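K.L.:
Now for the letters of each chain:
2 protein chains.
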Amino acid sequence: MNKAVFYHAGCPVCVNAESRITELVDRGRYNVEIVHLGEQRGRIAEAESAGVKSVPALVLGSDVLHINFGASMADVKG
Amino acid sequence: MNKAVFYHAGCPVCVNAESRITELVDRGRYNVEIVHLGEQRGRIAEAESAGVKSVPALVLGSDVLHINFGASMADVKG
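Chains as they are written, first to last, in the working numbering: chain A, 88 to 165; chain B, 88 to 165.
To be clear, the hints were calculated from the coordinates, so they are not data collected in a lab. Small disclaimer: the values here were computed from a predicted structure and weren't measured. C-beta atoms are modelled at their ideal positions from N, C-alpha and C, and glycine is treated no differently. Hints are not guaranteed to be accurate.
What the hints assert, rightly or not - Here are the simulated SDA-like pairs of lysine to any residue, each with C-alpha atoms no more than 25 Å apart in a straight line:
1) B:LYS90 <-> A:LYS140
2) B:LYS140 <-> A:THR109
3) B:LYS140 <-> A:GLY138
4) A:LYS140 <-> B:ALA158
5) B:LYS140 <-> A:LEU147
6) A:LYS90 <-> B:PRO99
7) B:LYS164 <-> B:PRO99
8) A:LYS140 <-> B:GLY97
9) B:LYS90 <-> A:PHE156
10) B:LYS90 <-> A:GLY138
11) A:LYS140 <-> B:ARG116
Stated by the list, open to error - Example chain B residues on the side facing chain A (calculated, C-beta under 10 Å, incomplete):
12) ALA104
13) SER106
14) GLY148
Build the full structure now, drawing on both the sequences and the hints.
P.N.:
See the structure below:
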């Protein structure tokens with residue numbers, strides 16, 4: 088099973104992207120973890136080190152897919 | 088079967104996003120059409136009317152997921 092992590096911050100753009108990505112993904116092959124960085128602030132550093140520049144973003148192995156634009160990581164960090 | 092259209096312009100960002108999206112998608116539920124707007128210039132207007140502002144982008148029903156940033160539609164149109 089491949090692992091993917093979807094990082095978001097609860098914004099409307101994030102919520103829409105989350106619903107589209109979760110619909111789209113082949114759940115037989117991918118396990119998608121959803122991380123709300125506003126609520127799980129301890130994971131902001133992990134997201135940044137994976138290359139996340141803005142949310143919503145989906146991390147797949149070494150690649151980051153930034154999906155539309157909800158907020159920058161600077162905004163998320165407040 | 089749901090339909091999704093992935094618009095790109097052959098750029099490196101596009102190629103990487105295409106391979107990730109095609110890996111990720113549940114092919115049992117989604118039929119993904121890949122459109123290279125540099126080669127199929129007649130479809131630029133269709134992409135714009137679907138809301139595509141930059142490539143690569145994935146159109147799913149009424150939603151557009153802009154995935155990372157390869158080129159603006161102005162660049163694609165030249």
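K.L.:
Hint by hint, work out which the structure violates, then give me just those numbers in ascending order.
P.N.:
1, 10, 11
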